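Chemist: If you want the building blocks of each chain, they are given just below.
There are 2 protein chains.
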Amino acid sequence: MRAIITGGAGFIGSNLADFLLEKGWTVKVVDNLSAGRKEFYEHNLKNPNYTFEKLDLKDAEAVKASFAGGWDIVFHLAANADVKGGWKNPTIDLKENVITISNVLEAMRENKIKKIMFSSTGSIYGDTNVFPTPEDAPFPIQTSMYGAAKLYGEGLIQSYCEAYDMQCWIYRFVSIMGERYTHGVVFNFLQQLAKDPKKLEFLSDGTALKSYLYVGDCIRGIIQGIEKSNDKINIFNLGTPEEMDVKTIGDTVVQKMGMSGVTYELGPEPGGWIGDNPHILLDITKLQKLGWKPSLSIKEAIERTVDWLKDNPWALGGDYFRGP
Amino acid sequence: MRAIITGGAGFIGSNLADFLLEKGWTVKVVDNLSAGRKEFYEHNLKNPNYTFEKLDLKDAEAVKASFAGGWDIVFHLAANADVKGGWKNPTIDLKENVITISNVLEAMRENKIKKIMFSSTGSIYGDTNVFPTPEDAPFPIQTSMYGAAKLYGEGLIQSYCEAYDMQCWIYRFVSIMGERYTHGVVFNFLQQLAKDPKKLEFLSDGTALKSYLYVGDCIRGIIQGIEKSNDKINIFNLGTPEEMDVKTIGDTVVQKMGMSGVTYELGPEPGGWIGDNPHILLDITKLQKLGWKPSLSIKEAIERTVDWLKDNPWALGGDYFRGP
Chain A
3 MRAIITGGAG
13 FIGSNLADFL
23 LEKGWTVKVV
33 DNLSAGRKEF
43 YEHNLKNPNY
53 TFEKLDLKDA
63 EAVKASFAGG
73 WDIVFHLAAN
83 ADVKGGWKNP
93 TIDLKENVIT
103 ISNVLEAMRE
113 NKIKKIMFSS
123 TGSIYGDTNV
133 FPTPEDAPFP
143 IQTSMYGAAK
153 LYGEGLIQSY
163 CEAYDMQCWI
173 YRFVSIMGER
183 YTHGVVFNFL
193 QQLAKDPKKL
203 EFLSDGTALK
213 SYLYVGDCIR
223 GIIQGIEKSN
233 DKINIFNLGT
243 PEEMDVKTIG
253 DTVVQKMGMS
263 GVTYELGPEP
273 GGWIGDNPHI
283 LLDITKLQKL
293 GWKPSLSIKE
303 AIERTVDWLK
313 DNPWALGGDY
323 FRGP
Chain B
3 MRAIITGGAG
13 FIGSNLADFL
23 LEKGWTVKVV
33 DNLSAGRKEF
43 YEHNLKNPNY
53 TFEKLDLKDA
63 EAVKASFAGG
73 WDIVFHLAAN
83 ADVKGGWKNP
93 TIDLKENVIT
103 ISNVLEAMRE
113 NKIKKIMFSS
123 TGSIYGDTNV
133 FPTPEDAPFP
143 IQTSMYGAAK
153 LYGEGLIQSY
163 CEAYDMQCWI
173 YRFVSIMGER
183 YTHGVVFNFL
193 QQLAKDPKKL
203 EFLSDGTALK
213 SYLYVGDCIR
223 GIIQGIEKSN
233 DKINIFNLGT
243 PEEMDVKTIG
253 DTVVQKMGMS
263 GVTYELGPEP
273 GGWIGDNPHI
283 LLDITKLQKL
293 GWKPSLSIKE
303 AIERTVDWLK
313 DNPWALGGDY
323 FRGP
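Chains A and B, in that order, are what the protein sequence lines are.
All letters in the first sequence, in the order written, are residues 3 to 326 by this note's numbering.
All letters in the second sequence, in the order written, are residues 3 to 326 by this note's numbering.
Check the hints yourself; a few may be wrong.
The list treats identical chains as one, so a pair stands whether inside a single copy or across any two.
Said to hold, decoys possible - Using 30 Å as the maximum straight-line C-alpha spacing, the simulated DSS-like pairs for lysine-lysine come out as follows: (1) K25 x K117; (2) K117 x K90; (3) K201 x K117; (4) K116 x K90.
No wet-lab data here; the hints were simulated from the structure.
Since this is a predicted model, take the numbers as computed values, not measurements.
Please put together the full structure from these sequences, using the hints given.
Modeler: This is the structure in structure tokens:
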């Protein structure tokens with residue numbers, strides 16, 4: 003199989019690239035390196051089955067040219083993942099997550115690529131009050147520009163499948179953790195503790211209940227869905243049956259770091275920022291019925307993430323903090 | 003009250019402008035005249051409470067400038083309404099219905115306009131199998147680029163309401179008919195009969211069940227919703243409790259025209275084009291509970307539309323046919 007991975011130099015995309023190469027696939031990664039890191043893909047550069055191309059998905063003609071050459075599937079993972087940045091910069095999701103998906107689909111149409119995997123988000127359920135939230139939950143109300151953009155991505159992909167005989171696998175992710183994790187709550191906590199090992203500031207009051215999935219489980223889930231479901235439009239939640247409050251995440255990080263006497267400074271509300279969904283728990287029954295299940299608990303995923311960041315302290319530097 | 007109406011020179015927008023002026027509102031219409039007609043607004047040009055401005059909503063800076071001057075609400079009706087054109091020109095909805103809504107919202111934010119009414123669509127329920135379809139139907143699968151764009155519009159408006167203390171009234175319309183109707187199934191049938199009074203070609207097999215609402219009822223419904231509901235986010239279906247198959251629409255038009263011996267040439271399938279929803283029937287209970295109800299039946303709405311087109315044959319000329 004020959005796959006293009008957009009955002010394939012980033013956290014999830016680079017893990018997916020390694021996984022597919024291991025399975026014997028041919029992989030082309032396109033990435034604008036806004037969040038992707040050379041450290042995540044340079045080990046593949048000598049692999050004859052691997053190609054890397056720096057590409058800005060906002061450039062429609064460049065994407066069409068890049069997708070030429072006979073590919074079976076596009077894994078579209080590239081995105082601005084800064085959910086909470088939307089309300090400060092409300093057009094960034096339009097530029098990075100809306101126009102880009104149209105460019106990807108047009109390039110697929112031009113080059114007759116018929117299959118697409120899309121990384122959507124559990125945030126798409128907005129202010130739902132159904133927990134765990136199934137894929138066919140009531141028509142949601144959006145709370146973030148990020149969610150609205152992903153909603154458009156899903157809808158546009160579905161309409162391309164309807165119009166152009168394409169096939170899609172759409173995954174609504176919870177927060178993902180693990181090796182090469184470069185933004186999010188655990189990342190933020192470790193950055194803070196690196197600066198001051200006695201204090202941890204929370205954006206929220208710590209009560210928000212969230213679900214987190216280990217990146218290895220996420221990738222196995224993506225591939226399981228593609229291999230075991232063959233409808234025109236396949237939509238899956240991808241998370242864990244567990245949830246954890248943000249304060250307990252803090253406790254787990256502090257404990258794993260072997261620290262003590264850390265003072266917590268809590269925010270005023272369960273939501274950490276405008277548009278934050280203070281409760282995310284997805285119903286993952288649909289994908290589980292295909293034989294997939296998460297291998298790590300949330301606690302184990304956090305510990306694995308802390309281990310990786312401790313082993314790769316360079317990853318904590320720079321401006322990669324993107325919020326939980 | 004001071005209102006801006008985007009697309010206010012078009013079918014629904016110009017009827018809304020007249021209605022609001024009649025109520026004593028101050029109205030500014032912005033329209034790029036791609037589908038709008040001078041005949042629909044020139045009678046208002048001498049009204050001191052009315053302003054018309056030719057404006058392309060794709061020009062973000064021009065929209066910001068245009069929205070200055072203190073306005074209470076924006077009625078955002080401007081849109082590419084050619085649902086079936088999407089699969090031939092799959093980026094037109096991105097340009098005309100996606101980027102424009104972001105520009106409108108940014109211009110509102112810049113000018114501190116806090117209220118927006120948005121014309122969404124019953125097509126947004128995609129391939130639903132729940133009839134009549136309520137506002138909180140299961141998470142829909144989109145079948146058209148038009149539906150995907152409207153879905154984004156709804157989501158982006160909701161996220162602006164969440165982030166910037168704005169308030170919205172979102173209406174999911176069925177097909178609208180009546181005075182100043184310039185595209186759609188009845189329009190198409192009359193154009194055909196004007197050319198050949200003995201033959202009527204159908205895009206579909208005529209069995210598709212659709213719902214149609216008289217434009218006057220549509221506008222009373224919009225205003226009723228705004229006056230009687232005051233949540234941050236207010237979403238209403240706007241249709242009739244009736245449905246009618248497309249063949250019966252043909253019969254009604256032919257009968258109202260006083261014609262006979264018309265041969266029908268039917269298409270092969272219930273759906274008239276790729277992405278067509280062959281069954282649309284919305285649950286309008288929510289708006290009805292606020293005291294609104296349609297005054298005309300579908301048959302009466304069609305007859306009113308035929309009368310208007312007979313009285314205004316100029317409207318049938320030109321390239322205004324946009325499909326049912």
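Chemist: Give a verdict on every hint.
Modeler: Evaluated hints:
1. For the homomeric pair K25 and K117, the shortest alpha-carbon distance inside one copy (18 Å) is at most 30 Å, but the shortest distance between copies (53 Å) is not.
2. Taking the shortest Cα distances, K117 and K90 sit within 30 Å of each other only across copies (20 Å), while inside one copy they are farther apart (35 Å).
3. In this homomeric assembly, K201 and K117 never come within 30 Å of each other (Cα to Cα): the closest approach is 47 Å inside a single copy and 42 Å across copies.
4. For the identical chains of this complex, K116 and K90 are inter-copy neighbours only, at 17 Å across copies versus 37 Å inside a copy, given an alpha-carbon limit of 30 Å.
Violated hints amount to a single one, hint 3; each of the other numbered hints is respected by the structure.
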